[in-house]
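Chemist: Place chain B on chain A using the hints.
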Amino acid sequence: MARTATAPGAPTTRLGKTALEVDDRLIVAGPLRRTLNKVFPDHWSFLLGEIALYSFIILLLTGTYLTFFFQASMTEVVYDGSYAPLRGLDMSIAYASTLDISFDVRGGLLIRQMHHWAALLFVASIVVHMLRIFFTGAFRRPRETNWLIGVALLVLALVEGMTGYTMPDDLLSGTGLRIISAIILSIPVIGTWAHWAVFGGDYVGELIVGRFYIVHVLLIPAILLGLIALHLLILVKQKHTQFPGPGRTEHNVVGNRLFPTFAGKATGLLLVVFGVVAALGGLVQINPVWLWGPYNPAQVSAASQPDWYVMFLDGSTRLFPAWDIYLPGNYNIPALFWPTLVLPGILFTLLMAYPVIERKLTGDTASHHLLQRPRDVPVRTSLGVMAISFYLVLLLSGGNDVIADKFDISLNAMTWIGRIGLLIVPPIAYVLTYRICLGLQQHDREVLEHGIETGVIRRLPHGEFIEVHQPLGPVDEHGHGQLAYGGAPVPKKMNQVGGARRAIRGFFSPIEEPTAVELEQRGEDRGLAPAEPQRELTTSGRPAEGGRPAEGGRPSEGGRPSEGGRPQEPRD
Amino acid sequence: MTTHDTRPGSTGGADTPGPLYGGPDDDYTPEQLAALPREELDRLGARYDGVEILHVEPGPEPGSPLEKRAVRQVGLLFGLAGLCAFAFVVVYAGAGWFLPDWQWELGSSSFSVLYTPLLGLLMALAFTFFGVGLVLYTKKLLPHETAVQDKHDGSHFDRVTTGATLVGGLHNSGLKRRKLITGSLAFMGGGLGLMLLAPLGGLIKDPNEGDPLGTTEWAEGVRLVRDDGTPVRPGDQEPGSLETVFPAVPEGNRLADAATMLIRLRPAQLEQAVPRSGQEDFGYGDYVAYSKICTHAGCPVSLYEQETSRILCPCHQSQFDVTQGAKPIFGPATRSLPQLPITVDDEGFFVARSDYIEAVGPTYWNRERI
Numbered sequence: 001m002a003r004t005a006t007a008p009g010a011p012t013t014r015l016g017k018t019a020l021e022v023d024d025r026l027i028v029a030g031p032l033r034r035t036l037n038k039v040f041p042d043h044w045s046f047l048l049g050e051i052a053l054y055s056f057i058i059l060l061l062t063g064t065y066l067t068f069f070f071q072a073s074m075t076e077v078v079y080d081g082s083y084a085p086l087r088g089l090d091m092s093i094a095y096a097s098t099l100d101i102s103f104d105v106r107g108g109l110l111i112r113q114m115h116h117w118a119a120l121l122f123v124a125s126i127v128v129h130m131l132r133i134f135f136t137g138a139f140r141r142p143r144e145t146n147w148l149i150g151v152a153l154l155v156l157a158l159v160e161g162m163t164g165y166t167m168p169d170d171l172l173s174g175t176g177l178r179i180i181s182a183i184i185l186s187i188p189v190i191g192t193w194a195h196w197a198v199f200g201g202d203y204v205g206e207l208i209v210g211r212f213y214i215v216h217v218l219l220i221p222a223i224l225l226g227l228i229a230l231h232l233l234i235l236v237k238q239k240h241t242q243f244p245g246p247g248r249t250e251h252n253v254v255g256n257r258l259f260p261t262f263a264g265k266a267t268g269l270l271l272v273v274f275g276v277v278a279a280l281g282g283l284v285q286i287n288p289v290w291l292w293g294p295y296n297p298a299q300v301s302a303a304s305q306p307d308w309y310v311m312f313l314d315g316s317t318r319l320f321p322a323w324d325i326y327l328p329g330n331y332n333i334p335a336l337f338w339p340t341l342v343l344p345g346i347l348f349t350l351l352m353a354y355p356v357i358e359r360k361l362t363g364d365t366a367s368h369h370l371l372q373r374p375r376d377v378p379v380r381t382s383l384g385v386m387a388i389s390f391y392l393v394l395l396l397s398g399g400n401d402v403i404a405d406k407f408d409i410s411l412n413a414m415t416w417i418g419r420i421g422l423l424i425v426p427p428i429a430y431v432l433t434y435r436i437c438l439g440l441q442q443h444d445r446e447v448l449e450h451g452i453e454t455g456v457i458r459r460l461p462h463g464e465f466i467e468v469h470q471p472l473g474p475v476d477e478h479g480h481g482q483l484a485y486g487g488a489p490v491p492k493k494m495n496q497v498g499g500a501r502r503a504i505r506g507f508f509s510p511i512e513e514p515t516a517v518e519l520e521q522r523g524e525d526r527g528l529a530p531a532e533p534q535r536e537l538t539t540s541g542r543p544a545e546g547g548r549p550a551e552g553g554r555p556s557e558g559g560r561p562s563e564g565g566r567p568q569e570p571r572d
Numbered sequence: 001m002t003t004h005d006t007r008p009g010s011t012g013g014a015d016t017p018g019p020l021y022g023g024p025d026d027d028y029t030p031e032q033l034a035a036l037p038r039e040e041l042d043r044l045g046a047r048y049d050g051v052e053i054l055h056v057e058p059g060p061e062p063g064s065p066l067e068k069r070a071v072r073q074v075g076l077l078f079g080l081a082g083l084c085a086f087a088f089v090v091v092y093a094g095a096g097w098f099l100p101d102w103q104w105e106l107g108s109s110s111f112s113v114l115y116t117p118l119l120g121l122l123m124a125l126a127f128t129f130f131g132v133g134l135v136l137y138t139k140k141l142l143p144h145e146t147a148v149q150d151k152h153d154g155s156h157f158d159r160v161t162t163g164a165t166l167v168g169g170l171h172n173s174g175l176k177r178r179k180l181i182t183g184s185l186a187f188m189g190g191g192l193g194l195m196l197l198a199p200l201g202g203l204i205k206d207p208n209e210g211d212p213l214g215t216t217e218w219a220e221g222v223r224l225v226r227d228d229g230t231p232v233r234p235g236d237q238e239p240g241s242l243e244t245v246f247p248a249v250p251e252g253n254r255l256a257d258a259a260t261m262l263i264r265l266r267p268a269q270l271e272q273a274v275p276r277s278g279q280e281d282f283g284y285g286d287y288v289a290y291s292k293i294c295t296h297a298g299c300p301v302s303l304y305e306q307e308t309s310r311i312l313c314p315c316h317q318s319q320f321d322v323t324q325g326a327k328p329i330f331g332p333a334t335r336s337l338p339q340l341p342i343t344v345d346d347e348g349f350f351v352a353r354s355d356y357i358e359a360v361g362p363t364y365w366n367r368e369r370i
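Just so you know, the sequences run in chain order A and B.
Going by the UniProt record's numbering, the first residue of the first sequence is number 1, and it counts up by one from there.
Going by the UniProt record's numbering, the first residue of the second sequence is number 1, and it counts up by one from there.
Be a bit skeptical, because a hint or two may be false.
To be verified - With a straight-line cut-off of 35 Å between C-alpha atoms, the simulated DSBU-like cross-links for lysine-lysine are: (1) 139/B / 493/A; (2) 205/B / 493/A; (3) 17/A / 239/A; (4) 205/B / 17/A; (5) 239/A / 205/B; (6) 327/B / 406/A; (7) 237/A / 140/B; (8) 68/B / 205/B; (9) 140/B / 239/A; (10) 179/B / 237/A.
To be clear, the hints were calculated from the coordinates, so they are not data collected in a lab.
Predicted model only: the values in this text are computed from it and were never measured.
Chain B on its own, in the form it takes in the complex:
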């Protein structure tokens, strides 16, 4: 090789185009190609792509009843598709203009009830007619050909030459010998990676600060109020009934972990009642109050079957027995529902004696430690 390069593109030589196309353009002159019929050209090109057309079953003969019928079918489907699409536009835009209003009002039984179904139906018909028409067109009117395409394994030549280029580049970089560069590169890579991840630290917060998981808004003297904010007296509930109560704090009924079930036991239930040890005095008379947040996955346990004293969680069917300190007796829950210690204040309304003495809601890693 000389330093004087005469190939095109370099300044040293004449700038004439080289063999631009190569390959098939060398084999077939434009004159030869011009002489070939279109089908031959198609097959020739396909052959260059490794595709052999084995068998062509021509479509129906032009003018034959079969063709006319297929054309009629396809044309009809395309026509119907267009019709439905235009109808969609008319219904969509015309509602409230020359058609009745589309907006649905409670109790209305007119056009507005049909608006969305009508739009969906028309859009569906437009798409489906078009699609079916296209499939019929392909199946009934196009020639059916069977083509075979070669599947190539990797080329040994390509592998060896590419490998040489890659290894050559790596070799020229000298990274194997220049240990200082590889070392500093690795150091820098680690640093850059950490630097890019570091801002995610903004997401990290300490879950143990102030023990939000272990505490609720309940506290000594906080009244038990209903969803509408009214306080509850011992005489308000029938025996065997359940009422959801919230702490009497602002937005108390929107708190995620404070919802509590105030249950008045029937005399029969009261006789069987076996409170959890150390919590015998948490109830008030025939009233007991349990957290409504399931100890399994945090759903509100809501379904109280007072004949069997069971509360069912509708999410995963854990069942708790209110006469046994809301102990789980079936399903995946493992812990009793925490009991809220209650009493009655001077005015005769229910109040909490303290917060729950354990964490409400689902179990977590260090729940027992807090």
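Just chain A, with the same shape it has in the complex:
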């Protein structure tokens, strides 16, 4: 357009001119500004989901690399690679190519181990991220959809992990595959048909590694990618939750803008996650398939354990009693069916339905953007800890043979400990957590009412000793604080309310002038005062005098409906 050449404010630098050229064609300045200005709240626990995202990126990158060398074929060949102990043995091409990746591809072992470690980290960070969401109530309206997507992502990640575990076709993964086959067979009515559909016939056949391979590298990753994109889209659209605190309301987000602060920190985290996975992949051996040997249906090694995220199902399988159900007509439901398919079915259904269940039980249908502290919702917190304890008993039972071996306990005793523990540990966990939540709440209330314990003991004229308390706010005639309980952290130490100066920086020698620090602190004290009006945010949502430019200003044009002068809704 002609106006660009002479208009005031036209760019003079080369970069600015390029930017103008780009925006003239794509009109991205508006959306880009909205993106850069997006505010993200600052709390360490909000980074857990990011760790999952970054490990997924690692999985995509390393996984793609591995596909250059891996051959998902069960055709038998005689190994002729550089790992001498297995040379001359019959094995599948899948196993042989895994050995090649480990021994004959330069740097292949590093990438393979990084892939496996990233997979473990991926599931782990999803689980921890979900725990954060659960215990802070971030799944409540309007975020139920994202909770559902999250559970779906977790389930898909487990299936993805299991199919990946099967790929190398070594003795350990073959044992896992054999159990998967038995689980499919155990489904009532359609079990054998399902098995024939999945394996293309009786166990093991020639197809399963190839089929699992395409599921592992194409089907599930594509669904994962789509769901992750949706997950993030909804997150951006709904904006992040935040913990309650000064100036934080249900109608705003307080934090850093995306650019540059949040982008800097997020990229830093991405790199650190990459670094941790690279360190694990290089320094900590994982799944040394060459030690297990090729799969042979007649062989097994002791302490055959799945990856950690399937161990809870292994545990449930070990603990479940030997209860086949015989039905009339000589049909039966195998015992294996309950702990491996019914139990996870129930667990994941409960997990998915939890937002709805809680909404029904509490009658709370309002939208929430402020998080809750676990102690303020004792029932939910206790339910969560109960579920975790249930899960942990199963998880530990998945390795009960190793525990029995290392600690010299009877294996059968370990099984019984697991069976009994599964029934009695969760209720105990519930009760204990409930009491702890109430106790923590009580202490917060006590500090709000009586103030912080200063550690100063005073003797009264009649001889009584009292500890002086520092009230947190105005007090009534009895000396009781008048601050209401708000579900936000309460300072418990004098230092947290400025009882002490901050330490002078410097490790071996001070790197700043003590007097300068003192001056700075006085400045900060003064700085607090003007910050006070922020508190009004709790009622109005934004400072009244800050004002939006041209409030009510845009004239309506050419029959275009007026938006009442409001700037356009940010299109995230």
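Modeler: Chain B only, in chain A's frame:
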């Protein structure tokens, strides 16, 4: 509204651009914007995005010791990251060129043992130094600002107008009245859906054809051979020992369901032995043969503790007593391990008298019926 449209873009009127930007471009002329300093522009734009910058704590003063120190730290970390990354490339590419060979041989204790750890360490250090440097940069050198962004609830206006458009479109389609169309659409949808799913039928196979789950390669007169293919004589095993045997058929030791444990009982075990009813003659002398495939989840049961006569499955710890017809006595398994009826042929080698009389391996829905 007239039929003669004069708005831009239509052929009837002059093709002049309308108010292209609207909104803020009406409020702020380019001259006004040019007069504003950059910080003001930043805040102005932010305000339009519903973002208010409340408080900015500037970074360290330029030239101050604090800044110099932070810059030194960040620069050092970035430098180290670069160093490690280059070192990675040198180790990766240099191995086998000017460095020793990277390929590991059994028993070698040289550079090749350290190759993968070294690569991992260098890559990890490069990423981590870079990441930590970036975080330090953000924390120590960038101004810290506290910003507040508004969160909007849905707009009533948007809902009503969008609803009107949607309902209007549906109304115009007349689908509510034109029952034939909705009916045929539903019919077609069902058909198309089934058509798209139908090719999956290629996956379906009949699992009952030939009863592959209920039968194995064992049959009358098939010799019991070891993994290396050698046949077994009654005198070959010590009392109390176990040997895994396979049917003497091609690739017999690779079959998924044929692996069998040939166990020679000790005299004491033989005295206590209580075979399953109807299977008293399945053994041969002090020898018994049981399927190695666990009846629980199909793992090979392998751990034989002959003092207690127990066989343990390492997958889920089912335990079977070989003196009681391999009955499960602990753990999740529900069925005894099937017993292979054995005898000795003319040459004195062990042979099967028939196939297993029941299905080996994990239980399934109609196992009892076959």
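Chemist: All hints, please: hold or fail.
Modeler: Hint check results:
no.	hint	verdict
1	139/B / 493/A	26 Å, holds
2	205/B / 493/A	71 Å, violated
3	17/A / 239/A	33 Å, holds
4	205/B / 17/A	66 Å, violated
5	239/A / 205/B	50 Å, violated
6	327/B / 406/A	28 Å, holds
7	237/A / 140/B	31 Å, holds
8	68/B / 205/B	73 Å, violated
9	140/B / 239/A	27 Å, holds
10	179/B / 237/A	39 Å, violated
When each numbered hint is compared with the structure, violations occur for hints 2, 4, 5, 8 and 10.
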